[in-house]
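Colleague: Residue strings, one per chain:
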Amino acid sequence: MTAATQALLGSWSVDPMMTAGLSISGFVYSRGWVILHRLTPSLFPPWRLVSFLGGLVFFWLSVSSPLDAFSSLLLSAHMVQHLLLLMATPALILLGSPALPLLRGLPRALTRDGIGPFLRWLPLRQAWHTLTDPVVCWVVMAATLCLWHIPTAFELALRLPTWHKAEHVCFVCAALLFWWPVVRPFPHRSRWPLWSLPLYLLAADLLNTALSAILTFSDRVLYPTYADAPRLFGTTALTDQATAGVIMWVPGSLAFLIPAVVLAVHFLSPTTSLVRPGPVGAKAPMHGHTVWAANQPRRVSPSPPLEERAGERRHSTALFDLLAIPVLGRLLRSRSGRKAMQVAMLVLALGVIADGILGPQMSPVNLAGVLPWTYWRAFVVVALLAAGNFFCMACPFTLPRELGRRAGLGLRPWPRALRSKWFAVALLVLFFVGYEAFGLWDKPIWTAWLILNYFLVAFAIDALFQGASFCKYVCPIGQFQFIASLVSPFEVKVRSADACAGCKTHDCLRGNERQRGCQMDLFLPRKSGNLDCTFCLDCVRACPQGNIGLIATAPGMTVVGDPPRSSLGRLSRRLDLAAMALVFVFAAFVNAAFMTAPVASWRDDLVVQLGLGSQQGVTIVLLFAALVLAPAAIALSAARASRVLSCVSIPVRELLCRFSLCLAPLGAAMWAAHFLFHLNAGWASGWTALRRATQDVGLHLFNLAGGEGSPPLISADAMLVNQTVVLDAGLLLALYIGWRLALLYAPRARDALRLLAPWGGLAMALYAFGIWILLQPMQMRGMAGPTF
Amino acid sequence: MKSIRQIQTWAAVLLFFIALGMVQADIGVVRLREVRGPFVITVFTGSELVRGTASDVSVMVQRRDSSEPILDATVNLVFTAPSGADLEHGGPLCGLPGVTLLSGTAGSPTRQVVLSARRDQSSNKLLYAVPVNWPLAGCWNLETSVRQGPDSAKVACELAVGLPTRQLTRLLPYLALPLLLVALFATNQWLRCHLSERQ
Chain A
1 MTAATQALLG SWSVDPMMTA GLSISGFVYS RGWVILHRLT PSLFPPWRLV SFLGGLVFFW
61 LSVSSPLDAF SSLLLSAHMV QHLLLLMATP ALILLGSPAL PLLRGLPRAL TRDGIGPFLR
121 WLPLRQAWHT LTDPVVCWVV MAATLCLWHI PTAFELALRL PTWHKAEHVC FVCAALLFWW
181 PVVRPFPHRS RWPLWSLPLY LLAADLLNTA LSAILTFSDR VLYPTYADAP RLFGTTALTD
241 QATAGVIMWV PGSLAFLIPA VVLAVHFLSP TTSLVRPGPV GAKAPMHGHT VWAANQPRRV
301 SPSPPLEERA GERRHSTALF DLLAIPVLGR LLRSRSGRKA MQVAMLVLAL GVIADGILGP
361 QMSPVNLAGV LPWTYWRAFV VVALLAAGNF FCMACPFTLP RELGRRAGLG LRPWPRALRS
421 KWFAVALLVL FFVGYEAFGL WDKPIWTAWL ILNYFLVAFA IDALFQGASF CKYVCPIGQF
481 QFIASLVSPF EVKVRSADAC AGCKTHDCLR GNERQRGCQM DLFLPRKSGN LDCTFCLDCV
541 RACPQGNIGL IATAPGMTVV GDPPRSSLGR LSRRLDLAAM ALVFVFAAFV NAAFMTAPVA
601 SWRDDLVVQL GLGSQQGVTI VLLFAALVLA PAAIALSAAR ASRVLSCVSI PVRELLCRFS
661 LCLAPLGAAM WAAHFLFHLN AGWASGWTAL RRATQDVGLH LFNLAGGEGS PPLISADAML
721 VNQTVVLDAG LLLALYIGWR LALLYAPRAR DALRLLAPWG GLAMALYAFG IWILLQPMQM
781 RGMAGPTF
Chain F
789 MKSIRQIQTW AAVLLFFIAL GMVQADIGVV RLREVRGPFV ITVFTGSELV RGTASDVSVM
849 VQRRDSSEPI LDATVNLVFT APSGADLEHG GPLCGLPGVT LLSGTAGSPT RQVVLSARRD
909 QSSNKLLYAV PVNWPLAGCW NLETSVRQGP DSAKVACELA VGLPTRQLTR LLPYLALPLL
969 LVALFATNQW LRCHLSERQ
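In the order they appear, the protein sequences are chains A and F. For what it's worth, the working numbering labels the leading residue of the first sequence as 1, then goes sequentially. For what it's worth, the working numbering labels the leading residue of the second sequence as 789, then goes sequentially.
Don't read these hints as lab results, they were simulated from the structure. None of the values given here were measured: they were computed from a predicted structure. Positions of the beta carbon are idealized from the N, C-alpha and C atoms, including for glycine. Keep in mind that the hints are not guaranteed to be accurate.
As the list claims (entries may be wrong) - One-sided excerpt, in silico: chain F residues whose CB lies under 7 Å from chain A: (1) I815; (2) A842; (3) S843; (4) Y962; (5) L969; (6) R980; (7) C981.
Claimed, not checked - No farther apart than 20 Å at their CA atoms in a straight line, the calculated lysine to any residue pairs in the SDA-like style are these: (8) A:K339 <-> A:R405; (9) A:K443 <-> A:Y375; (10) A:K165 <-> F:L965; (11) F:K942 <-> A:P230; (12) A:K165 <-> F:Y962; (13) A:K443 <-> A:L350; (14) A:K443 <-> A:K339.
As the list claims (entries may be wrong) - Distance windows between CB atoms, simulated: (15) F:L951 <-> A:P563: 49 to 59 Å; (16) F:F973 <-> A:G613: 45 to 55 Å; (17) F:L951 <-> A:T5: 38 to 48 Å.
Hey, can you work out the whole structure from these sequences and the hints?
Modeller: Have a look at this one:
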C-alpha cells in the first residue's frame with residue numbers, strides 16, 4: 001500500500017456530536033426493538049435491527065470516512081458519498097420499520113405526553129398523509145436531485161460548509177420520502193397497488209439516467225471547483241466527472257432496478273405471499289390475498305395494548321444507583337474512600353495556603369491564585385451538574401471536626417435563634433462582595449488566609465456545637481453547593497419506601513454502634529432533594545437494610561413539590577432559602593458582569609465622577625445593591641405581579657419562596673459558563689504554578705517545559721457556543737420548573753401562564769443579560785492569557 | 789422517575805438533531821495552484837476568512853511529473869499582516885493548541901508570523917494544515933515554502949480577511965433554540981388540552 005493510499009485511508013473526520021447523536025438514536029431504536037421483539041417476534045425479527053443500525057452506520061461512513069475528506073477534490077468520491085446518502089442509508093433505515101421501535105424505545109411518558117399529542121393532531125396527520133403520497137415523494141426526490149445538481153447550487157455547497165450540510169440533509173430527507181412508498185415500513189399501509197411500484201422506480205431511474213448522462217458525456221467541467229482542484233491518481237477533471245457520472249448511472253440505476261424487479265417478480269408470482277393491505281374499500285389484488293413473508297401484519301395499532309405488559313412495567317421502574325456500580329460504588333460507600341478524598345483535598349489546601357503566604361504574589365504563577373479560582377471552582381460546578389455535591393463529600397474543612405469529636409467536644413446544640421439560613425446568606429453576600437471589592441482572585445496571600453481562617457472557623461464551630469452545624473448554618477461554600485445541587489442529576493435517597501416503613505430504629509438519622517447517623521439532621525424517608533445534603537453518605541453506611549443509594553433523579557424537579565422536608569420544613573415557608581437562591585442566581589450574573597470591559601470601565605468612570613480615591617467603596621455599594629436590594633425588589637415585584645395577574649389567592653410570600661427556587665438552574669448555568677471560560681483559558685496555568693512552587697522548595701519534579709501562555713483548550717468561538725448552549729439549558733429548565741409550579745397553583749393553563757409570566761420574564765431578562773455578558777470582551781483577571 | 793427519563797431523552801433527541809447539523813470536514817476553496825520547481829503546490833483556505841474566527845489554511849504538495857502527493861515535505865507558511873498594521877501581543881494568530889510558531893516574538897510588534905503546517909492537523913491526511921485565527925482584517929500576504937530533501941519552492945498569494953459579522957448573528961441558531969423548544973412545548977400543552985376536551 002502506498003503512502004498516499006495510507007494517508008487517504010487515514011483521512012477520517014469524526015464529529016463527536018454527530019457520532020453521539022447517531023449512537024443515541026441507535027440505542028433508542030435497539031431498546032424499542034428488544035421490547036417489541038419480545039412481544040411480537042414475527043413483526044420485528046433481527047434483520048430489522050440489523051437493517052436500521054446498518055443505515056446509521058452507512059450514514060456515519062458517508063460523512064466521516066475519507067469519502068467526505070475527498071469530496072472537495074474528487075467528484076467521483078463526492079458521488080459515492082451521495083449514493084450512500086440517497087440509496088443505502090434511507091432504504092436500510094426504513095427497512096428497520098423505525099417508527100414503532102423509536103417510539104417504544106423512548107420513555108413511555110415522553111411518547112404518550114410529549115410526542116403523542118402531535119401524532120394525534122389531525123392537521124399534522126393530514127399533512128403527513130399528503131407528504132407520503134407516492135406522487136409527492138417522487139416529485140420531492142426529483143426536485144431535490146435536479147436542483148442540487150445545478151452548478152450554482154452544487155458550487156455553493158462545495159464552497160460553504162453550511163450549504164453543504166443543508167444539501168446532505170435535503171438528500172437524506174428526500175430519499176427517506178422517496179423510499180417510503182417502496183419499503184412501506186410497518187405499520188404504514190400502501191395507498192398504491194403493488195404493481196405500480198416498479199413503474200415508480202423506473203421513472204426515478206429514467207431521471208437518474210438523464211442526470212448521469214449529462215455528467216458522463218459533458219465535454220466541459222460542470223463544477224469549477226473540480227477544475228481548480230489538484231489532480232489525484234492521474235485523473236483529469238473531465239475524466240473524474242465522467243467517472244462520477246458512471247457511478248451515478250450504474251450503481252444508481254441498480255438501486256432502482258433491483259427493487260423494481262423484485263417487486264415485479266413478487267407481484268407476478270402465484271406462490272409467494274405479499275401483504276399490501278390497501279386503503280379501506282380498495283379491491284383485493286388480482287392474484288388473491290397475499291401476505292408478505294409473514295412479516296407484514298394486518299393492521300396493528302402502536303398504542304397502549306402492546307404496552308400493558310408486566311415485563312415493561314418492571315423494565316421502566318428500575319432506578320439507576322451510582323452506589324450499585326461495581327468499583328465506584330464501593331469506593332464511595334466506604335469510609336476510607338471518603339477519607340482519602342478529604343485527605344487529598346487537605347493536602348491541596350495546605351499547599352495552596354503555604355504557596356499563597358510564602359510564594360510570589362503573582363496570581364498566575366501562585367498555587368493560591370490558580371488552583372482555587374481557575375480549577376476548583378470549575379470542577380465543583382461540573383461535578384454538581386454532572387453528578388452531585390461531591391465537593392462536600394471530599395470537603396477538607398470537616399476533617400477538623402473529627403479532631404474536636406475525639407477530644408470530647410461538640411456537645412452544645414446550635415443556638416435556636418441562628419437555626420436558619422439567614423446567617424449563611426449574609427456570609428455568602430459578604431464573600432461575593434469581598435471577592436470583587438478586594439480582588440481576591442489576584443491576591444494569593446489573601447486567598448491563603450481566607451482558606452486558613454475557614455479551617456479555623458469550621459473547627460471552632462464544629463468543635464463547640466453538635467452535628468454539622470458549620471455545614472448546615474454557616475459555610476458559604478456549602479450553601480452555594482446546596483442551591484446548585486437542586487439541579488444535580490443524583491440524590492441521596494431511599495431505594496424503597498416500603499423498606500423504611502417497617503424501620504423503628506431510624507439508623508439513618510440516629511446512627512448505631514458502628515456508624516453515626518446524618519449530622520445534618522436529615523431523616524431519609526422524609527428527605528426530598530439535595531438541600532442540606534453534603535453527600536457524606538453516613539446514612540448509607542448506617543442503614544442496616546442497605547436501602548439508601550445515590551439515585552438518579554430529575555434535575556430541579558424536587559422544587560416542584562412542597563412536602564414537609566426533613567429538617568427543612570416546607571419550602572413555601574422558607575424565605576431564607578428563597579433569599580439564598582436569589583443571591584446564588586444574581587451573583588452568577590453580577591460576578592461575570594464585573595469581568596467585562598464595559599462594566600469595569602463604567603465603574604471606573606463612576607469612581608472618577610464621585611471623586612473617590614479607590615474603587616472599593618463604589619464596588620461594595622454596587623454589589624450590595626445588586627446582590628441584596630435588587631433581587632429582593634425584583635422578586636417581590638414578580639411575586640406581587642403574578643398574584644395580581646393570575647388572581648390566585650396565594651400569599652405573596654409563598655409565591656416568592658417557591659418561584660425564587662425555580663431560577664436556580666439559570667444561575668447554575670451562568671456559573672458553569674463563567675467558570676468553564678476561566679478553565680478553558682487558563683487550563684495550563686496550574687502546571688506553571690506547580691512547577692514553580694516545587695522548584696522553589698528544591699524539588700525538580702516537573703522539569704518539562706510548557707504551560708506558559710498555552711492557547712485555550714478550545715477556540716473562543718466554540719467556547720461561546722458552548723456557553724450559550726449551557727445558558728439555553730438553564731433557561732429552559734428554569735421555565736419548565738416554573739411552569740410545573742404554576743400548574744400546581746392554577747390548574748387552568750391560562751391562569752398558570754399569567755402566574756408564571758413575571759418569573760418567566762425575569763428569567764428571560766437574566767438570560768439576555770447573560771448573553772450580553774458572554775459577548776463582551778473579558779478581562780483575563782489574574783490569569784496568564786493565551787499567547788503565541 | 790418519568791421526569792428523569794423524559795428530560796434525559798429530550799436532551800438525547802435534541803442532541804441528535806444538533807448532531808445532524810454538524811457534519812463537516814470541508815477543506816475550503818483553492819486560493820492558489822502553481823507549479824514551482826519539482827512541485828505542484830495548491831493552497832486552500834475556508835471560503836470566508838473573517839477576523840477573529842479560526843479557519844484552516846491547507847496545502848497540498850504534489851510531484852510535478854506524476855501528480856503524486858508528497859507526504860514528507862516540510863511546509864512553512866509566512867503570514868504578513870496588512871500594511872500599516874502590527875501583530876501585537878494581544879492578537880494571537882494561532883489561537884488553537886498544537887500549532888508550532890517558528891518566528892514572530894510575542895510581545896514585540898511584528899508584521900510577519902511563520903507557522904509550520906502539518907498533516908496531523910488536517911482531517912485530509914494528504915494535506916498540510918494549520919489552524920489560523922485572523923487577528924486583523926485586510927489583505928494578508930501568504931507565502932508558502934515547501935522543502936523536500938534538496939528541493940524547495942515558494943509560492944505567494946493574497947488573502948482577504950473581512951470584518952466579522954456580529955457575534956450575535958453567529959449565535960442566532962443557539963439563541964433561537966429556546967424559543968423553538970418553548971413553542972413546541974406550548975403547542976404540546978395546547979394539543980393535550982384540546983384533545984382531552986374533545987374526549
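Colleague: Given the hint that K339 of chain A pairs with R405 of chain A, test it: the Cα-Cα distance must not exceed 20 Å.
Modeller: holds, 16 Å
Colleague: Is the hinted pair K165 of chain A and L965 of chain F satisfied, with a Cα-Cα distance of at most 20 Å?
Modeller: Judged against 20 Å, a Cα distance of about 18 Å means the pair holds.
Colleague: Interface hint check: L969 of chain F, Cβ to nearest Cβ on chain A, cutoff 7 Å. Holds or violated?
Modeller: holds, 6 Å
Colleague: Are C981 of chain F and chain A close enough, Cβ to Cβ, to be under 7 Å, as the hint says?
Modeller: holds, 6 Å
Colleague: Hint R980 of chain F vs chain A: min CB-CB distance below 7 Å?
Modeller: holds, 5 Å
Colleague: With 7 Å as the cut and Cβ atoms as the points, is A842 of chain F at the interface with chain A?
Modeller: Hint holds; A842 of chain F Cβ to chain A Cβ min 5 Å, cut 7 Å.
Colleague: Evaluate the given range 45 to 55 Å for the C-beta pair formed by F973 of chain F and G613 of chain A.
Modeller: Given about 53 Å between the Cβ atoms, the range holds.
Colleague: Under the criterion that the straight-line Cα-Cα distance not exceed 20 Å, is the pair K443 of chain A, Y375 of chain A satisfied?
Modeller: holds, 16 Å
Colleague: Is the interface hint for S843 of chain F satisfied, with its Cβ closer than 7 Å to some Cβ of chain A?
Modeller: Nearest chain A Cβ about 10 Å off; hint violated.
Colleague: Hint validation: Y962 of chain F versus chain A, beta carbon distance must be below 7 Å. Holds or violated?
Modeller: It holds, given that the least Cβ distance between Y962 of chain F and chain A is near 4 Å, below 7 Å.
Colleague: Given a cut of 7 Å on the nearest C-beta pair, is the interface hint for I815 of chain F held or broken against chain A?
Modeller: holds, 5 Å
Colleague: Are the Cα atoms of K443 of chain A and K339 of chain A separated by 20 Å or less?
Modeller: Judged against 20 Å, a Cα distance of about 30 Å means the pair is violated.
Comparing the model with each numbered hint stated earlier shows that hints 3, 14 do not hold.
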